[in-house]
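Engineer: Position one of the sequence shown corresponds to residue 1225 (this note's numbering), numbered consecutively onward.
Everything labelled a hint here was simulated from the structure, so no lab data went into it. Note that the coordinates shown come from a computational prediction; the quantities given were computed from them, not determined experimentally. All C-beta atoms, glycine included, are put in the ideal place defined by N, C-alpha and C. Some hints here could point you the wrong way.
Beta-carbon label-pair distances, calculated as ranges [what the hints assert, rightly or not]:
1) Asp1359 <-> Ala1285: 33 to 41 Å
2) Thr1283 <-> Ala1319: 20 to 28 Å
3) Pro1333 <-> Val1295: 19 to 27 Å
4) Ser1234 <-> Arg1349: 16 to 24 Å
5) Phe1239 <-> Glu1338: 35 to 43 Å
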Amino acid sequence: MTTADCYPCSKEAEFDRLPPRECVAYDEHWRVVHAFGTAVPGWLVLLPRRHVTAIHDLTDAEAASLGVWQVDLSRALRSVTGCAKTYVVQFAEAAGFAHVHFHVVPRMPDLRPEHRGPGVFDLLRSPDQEGVTADEADRLALALRSAWSGGAVRPPGSRSDS
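Given the sequences, and given the hints that come with them, work out the whole structure.
Structural biologist: This is the structure in structure tokens:
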């Protein structure tokens, strides 16, 4: 189920026509996009593929794969961007974005102290910051896909036997 007035759902309805930045990776439950309006290359957003507005409404299957996705995306970002760590954040309160979504943000070693922790959100939709272009986001999406297909990191959502 998708909802017409929900931005993530409107993009899901166009799934087969999405550019790399809008579909970095996916499975039957989750889709990964590169955030728009950010000054941070690699700022990813993990979205359920159906409309859901609260974590407690995730299905058992969605919930079971959520942590695996978050860790796999963090590993891929470390491999591709060289980040020191990733932040994983969920609020889903902005108008048009009540759809549950998880920000997976690479925290680079040289990130200024005022932008660490919750301050990183100053780098999202900030007119004072130079934003990541659509072309840059597409290139990064393809680099992440390449890291997964090349075996540098485990593909998102995949399970290992170890």
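Engineer: The structure should be examined with respect to each hint, and the outcome stated for every one.
Structural biologist: Verification of the supplied hints:
Restraint check, Asp1359 to Ala1285: a C-beta distance of roughly 35 Å satisfies the suggested window 33 to 41 Å. Distance hint for Thr1283 and Ala1319: a CB-CB separation of about 26 Å, consistent with the stated range 20 to 28 Å. Restraint check, Pro1333 to Val1295: a C-beta distance of roughly 20 Å satisfies the suggested window 19 to 27 Å. Between Ser1234 and Arg1349 the Cβ separation comes to about 18 Å, which falls inside the hinted range of 16 to 24 Å.
One distance hint, 35 to 43 Å for the beta-carbon pair Phe1239 and Glu1338, holds here, with the actual separation near 38 Å.
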